[in-house]
Amino acid sequence: MGAIEKDLASKDSLSTLVRYENVTKRFGDIEVLKGVDLDIKPGEKVALIGPSGSGKTTIIRMLMTLEKPTSGVISMGGEPLWHKKSSSGKLVPADEKHLRRMRSDIGMVFQHFNLFPHMSILRNVTEAPIHVLGLSKEEARERAVDMLEKVGLGDKLDAYPEQLSGGQKQRVAIARAVVMRPKVMLFDEVTSALDPELVGEVLEVIKDLAKETDMAMILVTHEMDFARDVADRIVFLHDGQIEEQGTPQEVLENPSSERLQAFLSRFLRN
Amino acid sequence: MMDVYVDIIPKILPGAIITIQLLVASSCLALVIAFIAGLGRVSRFAVVRSLTSVYVELFRGTSLLVQMFFIFFALPAFGFQFSPFLAGVTALGLNYGAYGSEIVRGAILAIPNGQTEASIALNMTRWQRMRLVILPQAIRMMLPGFGNTSIELLKGTSLVSLITLTDLTYKGLMVQNTNISYTFPVFIVLLIMYFVIALPLIFGVRKLEKNASKGVVKA
Numbered sequence: 016m017g018a019i020e021k022d023l024a025s026k027d028s029l030s031t032l033v034r035y036e037n038v039t040k041r042f043g044d045i046e047v048l049k050g051v052d053l054d055i056k057p058g059e060k061v062a063l064i065g066p067s068g069s070g071k072t073t074i075i076r077m078l079m080t081l082e083k084p085t086s087g088v089i090s091m092g093g094e095p096l097w098h099k100k101s102s103s104g105k106l107v108p109a110d111e112k113h114l115r116r117m118r119s120d121i122g123m124v125f126q127h128f129n130l131f132p133h134m135s136i137l138r139n140v141t142e143a144p145i146h147v148l149g150l151s152k153e154e155a156r157e158r159a160v161d162m163l164e165k166v167g168l169g170d171k172l173d174a175y176p177e178q179l180s181g182g183q184k185q186r187v188a189i190a191r192a193v194v195m196r197p198k199v200m201l202f203d204e205v206t207s208a209l210d211p212e213l214v215g216e217v218l219e220v221i222k223d224l225a226k227e228t229d230m231a232m233i234l235v236t237h238e239m240d241f242a243r244d245v246a247d248r249i250v251f252l253h254d255g256q257i258e259e260q261g262t263p264q265e266v267l268e269n270p271s272s273e274r275l276q277a278f279l280s281r282f283l284r285n
Numbered sequence: 685m686m687d688v689y690v691d692i693i694p695k696i697l698p699g700a701i702i703t704i705q706l707l708v709a710s711s712c713l714a715l716v717i718a719f720i721a722g723l724g725r726v727s728r729f730a731v732v733r734s735l736t737s738v739y740v741e742l743f744r745g746t747s748l749l750v751q752m753f754f755i756f757f758a759l760p761a762f763g764f765q766f767s768p769f770l771a772g773v774t775a776l777g778l779n780y781g782a783y784g785s786e787i788v789r790g791a792i793l794a795i796p797n798g799q800t801e802a803s804i805a806l807n808m809t810r811w812q813r814m815r816l817v818i819l820p821q822a823i824r825m826m827l828p829g830f831g832n833t834s835i836e837l838l839k840g841t842s843l844v845s846l847i848t849l850t851d852l853t854y855k856g857l858m859v860q861n862t863n864i865s866y867t868f869p870v871f872i873v874l875l876i877m878y879f880v881i882a883l884p885l886i887f888g889v890r891k892l893e894k895n896a897s898k899g900v901v902k903a
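Chains A and B are the protein sequences, given in the same order.
Our numbering runs 15 ahead of the 1-based position in the first sequence.
Our numbering runs 684 ahead of the 1-based position in the second sequence.
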């Protein structure tokens, strides 16, 4: 890379945290993503909406390195995520070491919480800071207690996941991801597995978090009101492609594509 | 009537010590082998996976007695001389270790994939995922299987009497040989002694299972 190109690249990475370039994903014969281009700015909150099977979840799972793109390049802070530059300058598949370095900027909350059932709530949240970030037990505990209090679970430190409600579990999962202080947080339909009366408490926690953090967030969700409140931008996916995107106002109130109109009207009717 | 038992029990008892020593030593060996081979079966390296599965199928698929004979009688021809005790422990450890590795493998694979994904999302290394997240949950699921296998192993130890080791069975047969009218009391005493040795295993595992039922993902 020449000096000028390097300069451009670093400038570019200031305005773009995550970049998808013509990313495709195929599971066997099924093409889930058919060429996605998407840029996320540092601190930006982006909601991904769309019918099930449209590829929303796959987009964030690829960023978390849980799913490997079939083609295309995903970059994080200007650096390819799934590839690294070989000595000859070509992009080659990344090894685990590269993936681990890249992952340190990415966090994720899952639909089914995936808390560690054999650990107390406190240990669920301190385990990775201690073993991955190398924090002392005291520092990790302080950080965890602080965060658990913020999500309203300061009195559950010694409980085990099975003793909590779904909404409480999901708030622990959010705390567990946030204490790692990633640059981008991924939320994968985090209220879909919850009883309806527990959805609100989880969405409130995320809304508060979105307000006070400079982390970028990508939220896969079916909650349109929530998307409107939290997101700077809403991206509508259909059949593995980005069909339309814009501010919540533009997307939800003035949808231009027929598919988005049809999708939204289904939601309003429900 | 009772003096028959007074006569034979002290003669058989030293064999029980040997049987217990065999049980403890070969259980330890089997446990270590079970974990090594069980982790090998789920390795991401195909070579490791095939090597360990060859070992497992070989030792599960052939007779324990023949394995013991092979180690004790055949290996010396290649310059590997084993004492009867060491030959017994090695054969029992390798054989039940193969069974145990299936328990280890099954338990590891039974942990929901979401646990691995959550630990990847927290940026744990491969070994940290195994050590901090997967194994602590999997070990709880292994306990009933290990309990059964250790009781099987105890019963398997009686075969060492055939490679000249003076265990419980060997001592019993010796006493029975001296007086044919002792046949019934000798075998009754043997059965009871094996059962008494098995009792702590049965209750130990039951207790461990109870303690470990807390904090496992329910399917």
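Honestly, I wouldn't trust all of these hints.
Think about it this way: if two alpha-carbon atoms lie no more than 30 Å apart in a straight line, the pair counts; the simulated DSBU-like pairs of lysine-lysine are [as the list claims (entries may be wrong)]:
1. Lys-99(A) x Lys-152(A)
2. Lys-56(A) x Lys-171(A)
3. Lys-83(A) x Lys-99(A)
4. Lys-695(B) x Lys-171(A)
5. Lys-100(A) x Lys-83(A)
6. Lys-839(B) x Lys-171(A)
Just some of the chain A residues that point at chain B, by a computed CB distance under 10 Å [unchecked claim]:
7. Arg-118
8. Leu-130
9. Phe-131
10. Ala-143
11. Met-195
In short, the hints are calculated from the structure, not lab data.
Note that CB positions come from ideal geometry on N, CA and C, so glycine has one too.
Enumerated hints in conflict with the structure, sorted upward: 1, 2, 4 and 6
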